[in-house]
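S.K.: In case you want the letters, here they are:
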Amino acid sequence: MRRACLFLGGLLLLVAHAVAAAKVLDVGRPDPNGISLTEYFAVLEDPGLALTIADVRSPEVASRFVQASGPATALSYGFTRSAYWLRLSLRNASDVPVERILEVGYPILSNIQFHWPMATGGDRLLATGVATPFSTRPYPSRSFVLPLTLPAQSEQVVYLRLQSISAMLIPARLWEPHAFHAHERNDYAAQGWYFGMAAALILFNVLLFVGLRDAVYLLYSGFALLTALTISASNGWGKEFLWPQTTAWSDVAISVLGSLTLTALLLFMRRLLNTPEVVPRVDRLIKVFVGMQLAFAIAAAAWPHAVAVPGTWLILATAVLILAVGLFCAIRMRQHLAMFFVAAFSMWLLGVIVAGLKTVTVLPANALTMNGYQLGSAAEMLLLAFAVAYRFDLIRRQATEDVQRANAGLAQRLQAREAELTASHQRLREVEHRQTLSQERQRLMQDMHDGMGSALTTALRVVEHGRMDGAEVAQVLKGCIDDLRLAIDSMEPVESDLLLLLATLRFRLGPRLESTGIALRWEVQDVPLLEWLDPRNSLHILRILQEGFTNIIKYANATEVRVATAADPDAVTVTITDNGSGFDVDGALMKGGKGLSNQKRRAQAIGAEVRWESTRAGTRLILRLPFVRLAT
Amino acid sequence: MPSNPSPSEHSPIRVALVEDDVNFQNAVISAIGTAPDMELIAAASTRLQGLQMLDGKPADVLLVDLGLPDGSGIDVVRTAHARWPACNIMVSTAFGDEAHVMQSLEAGATGYLLKDSAPERLVLEIRSLHGGGSPISPLIARQILMRFRPPDQAAAGPVERAGVKSQCAPLSAREREVLEFITKGFASNEIASLMSVSHHTVLTYVRRIYTKLEVNSRTEAIYEARSQGLLAQ
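Chains as they are written, first to last, in my numbering: chain W, 69 to 700; chain R, 1128 to 1360.
Hints were generated in silico from the structure; no laboratory data involved. None of the values given here were measured: they were computed from a predicted structure. C-beta atoms are modelled at their ideal positions from N, C-alpha and C, and glycine is treated no differently. Only true hints are included.
Among chain R residues calculated to face chain W with C-beta under 7 Å, some are: (1) Asp1224; (2) Arg1269; (3) Gly1312.
Using the sequences and the hints, build the whole thing.
M.R.: Below, the structure is given as structure tokens:
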């Protein structure tokens, strides 16, 4: 026991010596930005992980501590399985106790032990790190924070022991509490901005996916969500807010989430740039990378130390692939969309590089470099959102063009069809026209044959036999001319107007009638139109009535003729009434007199009906023209 | 409108004739010969002669055959209408069919004569024409009514047609009424009593309608020529 005490005392002396040789930080000059502790640390690597706090305090081990050099913002030892011991000497030269905050601002260090002397004497140990529950932290913050109290006129030595799956990066600062709180508020606000923006973009794109059912929005949302989670894992917010009690997960979260993020980005890129169709061979490579990233995500969870270095190479290779594909599509394929994509991805890459360079102290730590990854990621997300919007515009324009082309095609087909219809209509009309012409020819031939033809033939025969004088021949010829005129008149369309037809008849025959001394009384009334009154039917009506007038002139001995029209619901009636001597209608019809039977035949031919009423006081010819014609 | 409504009491009606049919020419000459109030002042048998004849002293009534051996009588009608504005022009036709008559009326004729008319009828027609009367058939009346349909009723007509229509003199309600009676077969004296006007008034209506038809057809021709660039605006 005594020996042990002596040994301990010797150790303490040695420690004191070593401490005395070390660079001591006087806490009396606080800096509003905190003081970087890098140059004040004495460092000891413990590859065997065997050293205890007692060991490192022993003079033998203590002498192996090496003073860190240079005013860098952080110590950096890369991926290592070793534990690192850091020794920090602090002096309070003032007459009052001073409170300070020791911050290690790299939130993914697996394990950190703080050893520091109590004001009341004795040592205190705090074991925290991302691999321990959040509740182990003495002060709740995304980085590792140890509040210290330095008594008046005192010197203290603080030891830190660090172990990490992630790169051994130690950006440590000493803060005056107020300054630290101010810094922390700003820092949290800045982080809040990033996550707020990410949340809005994710939500917006999820809604776009719900609305538009295009997988690209979902892939984007997944990518953005994983990016945000990865960043939360890297900046400690995941540990603080999302998975505070986890230990194994929070230690590997950044690797697993990072891999998944790149997987999502690869899938999103495939969809956005349509690589399966645009560059099918490269697309196969992309699929291989997707597989590798997924495999790495699993490996990173299972063997975090083993895959840390190859994982970095894989990330680099993936980044190169994404950039190359983007550039190829942008430049060779002239995809504007790919330009957006490349720009976005470059932003992310820039952010990563800046953050990395800051970490390895090539770049100074400032607001820009501290949040480089977030800024890059934010810029990337925004640019990708633009890309997605641009893609939507492309698709919409494509759709509009498709619709226009379809419309044009439709119009063309319509035109062709119209032309076809017009042509067939034209053919039909020609056929119809030929039919009409042929019917007209037949009608006129029939009329000439029955009327003028037979009249002229008869007259000729009679003249040849010398049994006709000039006046009689003139009579026959006049009749023929009348026939001809009525035939010509019948060719004018009367447009269903029976009165016009009767008027024409009067105009032609009236003078003939009146020249024989017969008074004509015109007692027509307006009658409805007869739809079926075409030239053929008109000529039949004219002939029937002409025959009626001829009979009156020849046989009736009348002094007055009245022409009247009337209408009943079914038909229009034309009556020609004379005040002549009358005749035996039935007898005449029985005898088969040519005049009456001709009239009857003509009436029948047009679906009309003609009859006679005769007394000694006169004769009435009644022509009944139904609106709907009888079957002919 | 002739300046002298009762010419028989004064100087005789001077008649000129353009006719290639010798028989009809003789029929006209002999018919005029029997009429104390008429004299034949010139006769031509070709279009060319007819046009040359128009350089001479104007006649009161010009009788023109449409089918002349060296061209259409329509040219003679049109030229006569311009050269002899006071002359009443009538065309002689075998059938008095719508197509020929309308063409003549549009060229400036105000009457027509059927070639088979008896000599007394022939003289009567010339006298009536000189007195301001004009024959009109129901088919012609209907044709004119259709011609003068207001643009809104002529739905099938092209737009420029409507534009011409608006420049043309429309028919008055009374003129329209006369035409409608004619299409129903009423004679001019019957129409006079139906409309409670004198027979002479009905005749002047018809004459006015023919004048409007001719004027409008000329307007349309000018319009047509302008729209086709054949005539300066």
